[in-house]
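Chains A and B are the protein sequences, given in the same order. Residues in the first sequence are numbered consecutively from 1, following the numbering used here. Residues in the second sequence are numbered consecutively from 1, following the numbering used here.
Some hints could be false.
Below 20 Å or equal to it, Euclidean Cα-Cα: the simulated EDC-like pairs (lysine to aspartate or glutamate) are [stated by the list, open to error]: (1) K315(B) x E45(A); (2) K91(A) x E212(A); (3) K44(A) x E316(B); (4) K21(A) x E20(B); (5) K21(B) x D24(A); (6) K2(A) x E45(B); (7) K44(B) x E316(A); (8) K2(A) x E25(B); (9) K292(A) x D278(A); (10) K21(A) x E45(B); (11) K21(A) x D24(B); (12) K44(A) x D24(B); (13) K21(B) x E25(A); (14) K21(B) x D28(A); (15) K2(B) x E316(B); (16) K21(A) x D28(B); (17) K2(A) x D28(B); (18) K2(A) x D311(B); (19) K315(A) x E45(B).
Here are the computed distance ranges between Cβ atoms for each label pair [unchecked claim]: (20) E212(A) x D47(B): 54 to 60 Å; (21) M1(A) x P343(B): 55 to 61 Å; (22) S113(A) x E55(B): 33 to 39 Å.
Here chain B is said to cover these stretches of chain A; the calculated rule only asks that three of the stretch's residues, wherever they fall, bring their Cβ under 8 Å from a Cβ of chain B [to be verified]: (23) 3-10; (24) 134-144; (25) 197-211; (26) 302-314.
To be clear, the hints were calculated from the coordinates, so they are not data collected in a lab. A virtual CB, placed ideally from N, CA and C, is assigned to each residue, including glycine.
Protein chains: 2
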Amino acid sequence: MKRVFNFGAGPAMLPTSVMEKARDEFLDFNGMGAGLIEISHRSKEFDAVINGTDELFRELSGIPDNYRILYVHGGAQMQFAAIPLNLLGLKPAHKAAYVDSGNFAQLARKEASRFGNVVCAASSEDTNFDRIPDFDVSALDPETSYVHITSNNTIFGTRWNSFPNTGDIPLVADMTSELLSRKLDYNQFGVIFAGLQKNLGPAGLACVLVREDLLGHALPTTPSLLDYSVYDKNHSLTNTNNTFAIYMMKLVLEWLKEQGGVDAIEARNEHKAKLIYDAIDATDFYVGSAHKDHRSIMNVTFNLANADLNDTFLKEANAAGLYALKGHRLVGGARASIYNAMPVEGCEQLVAFMKDFEKRNG
Amino acid sequence: MKRVFNFGAGPAMLPTSVMEKARDEFLDFNGMGAGLIEISHRSKEFDAVINGTDELFRELSGIPDNYRILYVHGGAQMQFAAIPLNLLGLKPAHKAAYVDSGNFAQLARKEASRFGNVVCAASSEDTNFDRIPDFDVSALDPETSYVHITSNNTIFGTRWNSFPNTGDIPLVADMTSELLSRKLDYNQFGVIFAGLQKNLGPAGLACVLVREDLLGHALPTTPSLLDYSVYDKNHSLTNTNNTFAIYMMKLVLEWLKEQGGVDAIEARNEHKAKLIYDAIDATDFYVGSAHKDHRSIMNVTFNLANADLNDTFLKEANAAGLYALKGHRLVGGARASIYNAMPVEGCEQLVAFMKDFEKRNG
Numbered sequence: 001m002k003r004v005f006n007f008g009a010g011p012a013m014l015p016t017s018v019m020e021k022a023r024d025e026f027l028d029f030n031g032m033g034a035g036l037i038e039i040s041h042r043s044k045e046f047d048a049v050i051n052g053t054d055e056l057f058r059e060l061s062g063i064p065d066n067y068r069i070l071y072v073h074g075g076a077q078m079q080f081a082a083i084p085l086n087l088l089g090l091k092p093a094h095k096a097a098y099v100d101s102g103n104f105a106q107l108a109r110k111e112a113s114r115f116g117n118v119v120c121a122a123s124s125e126d127t128n129f130d131r132i133p134d135f136d137v138s139a140l141d142p143e144t145s146y147v148h149i150t151s152n153n154t155i156f157g158t159r160w161n162s163f164p165n166t167g168d169i170p171l172v173a174d175m176t177s178e179l180l181s182r183k184l185d186y187n188q189f190g191v192i193f194a195g196l197q198k199n200l201g202p203a204g205l206a207c208v209l210v211r212e213d214l215l216g217h218a219l220p221t222t223p224s225l226l227d228y229s230v231y232d233k234n235h236s237l238t239n240t241n242n243t244f245a246i247y248m249m250k251l252v253l254e255w256l257k258e259q260g261g262v263d264a265i266e267a268r269n270e271h272k273a274k275l276i277y278d279a280i281d282a283t284d285f286y287v288g289s290a291h292k293d294h295r296s297i298m299n300v301t302f303n304l305a306n307a308d309l310n311d312t313f314l315k316e317a318n319a320a321g322l323y324a325l326k327g328h329r330l331v332g333g334a335r336a337s338i339y340n341a342m343p344v345e346g347c348e349q350l351v352a353f354m355k356d357f358e359k360r361n362g
Numbered sequence: 001m002k003r004v005f006n007f008g009a010g011p012a013m014l015p016t017s018v019m020e021k022a023r024d025e026f027l028d029f030n031g032m033g034a035g036l037i038e039i040s041h042r043s044k045e046f047d048a049v050i051n052g053t054d055e056l057f058r059e060l061s062g063i064p065d066n067y068r069i070l071y072v073h074g075g076a077q078m079q080f081a082a083i084p085l086n087l088l089g090l091k092p093a094h095k096a097a098y099v100d101s102g103n104f105a106q107l108a109r110k111e112a113s114r115f116g117n118v119v120c121a122a123s124s125e126d127t128n129f130d131r132i133p134d135f136d137v138s139a140l141d142p143e144t145s146y147v148h149i150t151s152n153n154t155i156f157g158t159r160w161n162s163f164p165n166t167g168d169i170p171l172v173a174d175m176t177s178e179l180l181s182r183k184l185d186y187n188q189f190g191v192i193f194a195g196l197q198k199n200l201g202p203a204g205l206a207c208v209l210v211r212e213d214l215l216g217h218a219l220p221t222t223p224s225l226l227d228y229s230v231y232d233k234n235h236s237l238t239n240t241n242n243t244f245a246i247y248m249m250k251l252v253l254e255w256l257k258e259q260g261g262v263d264a265i266e267a268r269n270e271h272k273a274k275l276i277y278d279a280i281d282a283t284d285f286y287v288g289s290a291h292k293d294h295r296s297i298m299n300v301t302f303n304l305a306n307a308d309l310n311d312t313f314l315k316e317a318n319a320a321g322l323y324a325l326k327g328h329r330l331v332g333g334a335r336a337s338i339y340n341a342m343p344v345e346g347c348e349q350l351v352a353f354m355k356d357f358e359k360r361n362g
């Protein structure tokens with residue numbers, strides 16, 4: 001069985017060794033005679049899994065002790081509601097500021113608007129989100145409960161290289177497509193959330209990192225299973241959680257540790273991205289879609305100068321074992337999602353294919 | 001590798017053939033060179049999975065065409081909020097009636113109380129939920145938006161044998177621990193919901209069956225990902241769903257079809273339950289906890305007359321490959337959860353163990 005290089009934006013490829021381990025113990029976890037997916041979230045065996053996931057995450061991220069790790073239902077988009085429900089109450093004005101850097105940032109802002117007074121503090125929509133917009137922190141109303149950004153924009157292939165200093169106003173970041181792909185000073189943030197399905201595990205669950213002083217401010221109409229303090233109180237096991245996703249996350253973190261941790265993976269990610277960006281920049285045949293100063297190292301977006309060749313490019317790439325390179329309809333062209341699990345070899349093969357395709361069609 | 005008979009209440013055992021199929025194609029679904037867990041929820045391959053799940057569910061359940069099938073985040077307990085948020089608005093009084101037949105019924109009522117005027121219409125708490133309470137439908141306020149019941153009470157081992165006729169007031173049933181374990185006239189219900197992790201698949205997702213005229217009444221503050229009409233509009237794929245759980249559900253439904261469908265599985269479930277209840281009733285050594293007229297065929301709860309023997313019973317059972325028989329702390333004793341996936345042989349071995357244990361300790 002040959003594994004393809006899967007450039008899909010998510011649910012994304014997982015490291016093959018992780019997939020093999022999960023397969024090998026699928027019917028018999030820890031010699032129990034039952035799979036992890038079949039046992040109670042209250043069992044001592046699962047307890048060891050969730051505790052191990054916490055410990056590995058803390059070790060790999062270096063997140064300070066005053067942040068809690070929550071495993072929450074519904075993926076990142078459920079957080080588009082949970083964030084305002086948990087944080088708007090921090091200040092009486094129930095006000096929040098959102099930076100529109102792409103589709104998911106906008107969706108988050110629109111959902112939050114249903115619960116409070118939400119302003120768009122900056123936007124790059126007029127250039128089709130090809131960059132992170134300028135954001136003037138000094139213009140923020142001090143009565144703002146929080147500021148929301150999307151740290152890496154999966155669809156448009158941009159990222160915040162450094163983060164705004166919002167002072168006493170908590171900064172909230174949707175890091176779905178980049179958590180644990182780069183070093184981070186977690187003290188810059190009040191809350192970070194991420195769906196697992198890009199760098200952390202399978203779909204259906206999100207990880208929330210919340211500074212402990214931000215717990216306990218949920219609006220009265222917050223559904224219990226969106227309330228961070230409820231998750232915190234019960235170690236994310238108020239009800240039956242997605243145990244298999246937490247287990248897979250633990251395997252992914254073990255793998256990340258074997259790779260040398262976040263420092264090593266960030267260096268590798270930068271190398272992988274550079275390989276592809278260099279191939280794009282070396283020719284007029286390919287055109288990068290994101291502004292050079294804002295390029296993501298997780299999602300590399302580009303178009304073929306001759307758009308008529310796009311379908312052929314994608315079809316031939318797929319036949320060459322380079323899977324799911326189609327760009328999102330809002331950008332078109334191609335997108336190489338090269339999360340932590342994508343080997344350097346996958347990027348090298350993509351570059352070789354790009355050069356060969358250009359030679360044959362340029 | 002020997003598989004245990006897993007009597008855990010959930011996440012519960014899955015059919016071994018389902019587990020084997022999932023394992024065998026874990027790294028390579030449909031010859032794609034990638035696992036199902038690694039591919040996009042927007043791919044044509046996943047589309048075939050979710051469509052196939054719908055079709056099998058309709059075929060096996062015989063649910064009428066005017067009911068929609070939704071796959072919703074968060075398990076059944078998230079529905080404790082979603083139900084009132086979606087249905088209270090059906091009538092101006094924002095009123096709902098709940099029948100307290102156990103722990104989860106009470107949790108559902110308490111969560112709903114946060115969103116509207118919720119009354120407890122009947123309760124069996126005074127007999128520690130050993131039965132389904134008498135419920136006088138004629139006493140319902142006609143301004144009630146819906147009536148909520150828990151059709152099978154996992155912890156206490158009771159079930160509704162037949163369902164109340166609530167007339168024009170929609171009946172909502174939490175069927176987490178029994179959906180597809182028995183034949184049902186779906187027309188009796190407005191909404192049915194069930195976490196997957198007992199009879200349908202792994203934890204982390206719930207299935208909601210909603211009559212189409214009940215869509216579109218969500219309260220204005222309903223988070224989008226709790227709004228049934230949003231799920232309905234986007235075939236449960238507004239955001240990245242728990243694709244692996246939907247896939248596992250499809251495998252479970254294929255297995256159920258191979259077993260002869262719901263008629264056949266119900267007959268087998270009744271046989272399995274009778275084996276254990278007969279063993280309980282044949283002696284004073286064991287004492288059933290549920291009233292005989294309300295006994296569940298999914299969760300068989302019993303105590304040892306001599307409570308001092310309980311720990312030894314559970315320990316020896318476990319050593320004999322009869323896993324997770326410990327009763328819930330609210331009832332004590334033992335609980336045999338014998339969902340669809342539990343083979344007759346597992347119940348036979350449990351009965352043999354019970355008789356042998358009695359012989360040695362009676």
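Evaluated hints:
Using a Cα cut-off of 20 Å, the hinted pair K315(B) and E45(A) holds, with the two alpha carbons roughly 16 Å apart. Restraint check: the Cα-Cα separation between K91(A) and E212(A) comes to about 16 Å, which is no more than 20 Å; the hinted pair holds. Restraint check for K44(A) and E316(B): the C-alpha separation of about 18 Å stays at or below 20 Å, so the hint holds. As the CA atoms of K21(A) and E20(B) are separated by approximately 15 Å, the hinted pair is consistent with the 20 Å bound.
Taking the CA atoms of K21(B) and D24(A), the gap is near 13 Å; set against the 20 Å cutoff, the hint holds. With a C-alpha separation of about 18 Å, the suggested pairing of K2(A) with E45(B) holds against the 20 Å cut-off. Between K44(B) and E316(A) the alpha-carbon distance is near 18 Å, which keeps this suggested pair within the 20 Å criterion. Taking the CA atoms of K2(A) and E25(B), the gap is about 13 Å. The hint holds against a cut of 20 Å.
Under the criterion of a C-alpha separation no larger than 20 Å, the hint pairing K292(A) with D278(A) is consistent with the structure, at around 11 Å. About 24 Å separates the Cα atoms of K21(A) and E45(B), which puts this hinted pair outside 20 Å; it is violated. With a CA separation close to 13 Å, the supplied pair K21(A) and D24(B) stays within the 20 Å bound. With a C-alpha separation of about 28 Å, the suggested pairing of K44(A) with D24(B) is violated against the 20 Å cut-off.
For the suggested pair K21(B) and E25(A), the alpha carbons sit about 14 Å apart, so the restraint of at most 20 Å is met. A distance of roughly 14 Å separates the Cα atoms of K21(B) and D28(A); the hinted pair therefore holds under the 20 Å criterion. Between K2(B) and E316(B), the direct Cα distance comes to roughly 17 Å. Compliance with the 20 Å bound is thereby established for this hinted pair. For the suggested pair K21(A) and D28(B), the alpha carbons sit about 14 Å apart, so the restraint of at most 20 Å is met.
Pair hint K2(A) plus D28(B) holds up; C-alpha atoms about 8 Å apart against a cutoff of 20 Å. Taken as a hint, the K2(A) and D311(B) pair is broken in the structure, with Cα atoms around 50 Å apart against an allowance of 20 Å. Between K315(A) and E45(B), the direct Cα distance comes to roughly 16 Å. Compliance with the 20 Å bound is thereby established for this hinted pair. Checked against the hint of 54 to 60 Å, the pair E212(A) and D47(B) fails, with Cβ atoms roughly 42 Å apart.
About 31 Å separates the C-beta atoms of M1(A) and P343(B), a value inconsistent with the hinted range of 55 to 61 Å. Checked against the given bound of 33 to 39 Å, the beta carbons of S113(A) and E55(B), roughly 38 Å apart, stay inside it. Coverage of a stretch by a chain is defined here by at least three residues with a beta carbon nearer than 8 Å to that chain's beta carbons; for the stretch 3-10 of chain A and chain B the count is 6, and the condition holds. With a threshold of 8 Å between beta carbons, the proposed coverage of the stretch 134-144 of chain A by chain B is violated, since 0 of its residues qualify and at least three are required.
Given a C-beta distance limit of less than 8 Å, the hint that chain B covers the stretch 197-211 of chain A holds, as 5 residues qualify and 3 suffice. Counting residues of the stretch 302-314 of chain A whose C-beta lies closer than 8 Å to any C-beta of chain B gives 0; at least three are required, and the coverage claim is violated.
Of the hints listed earlier, those the structure fails to meet are numbers 10, 12, 18, 20, 21, 24, 26, in rising order.
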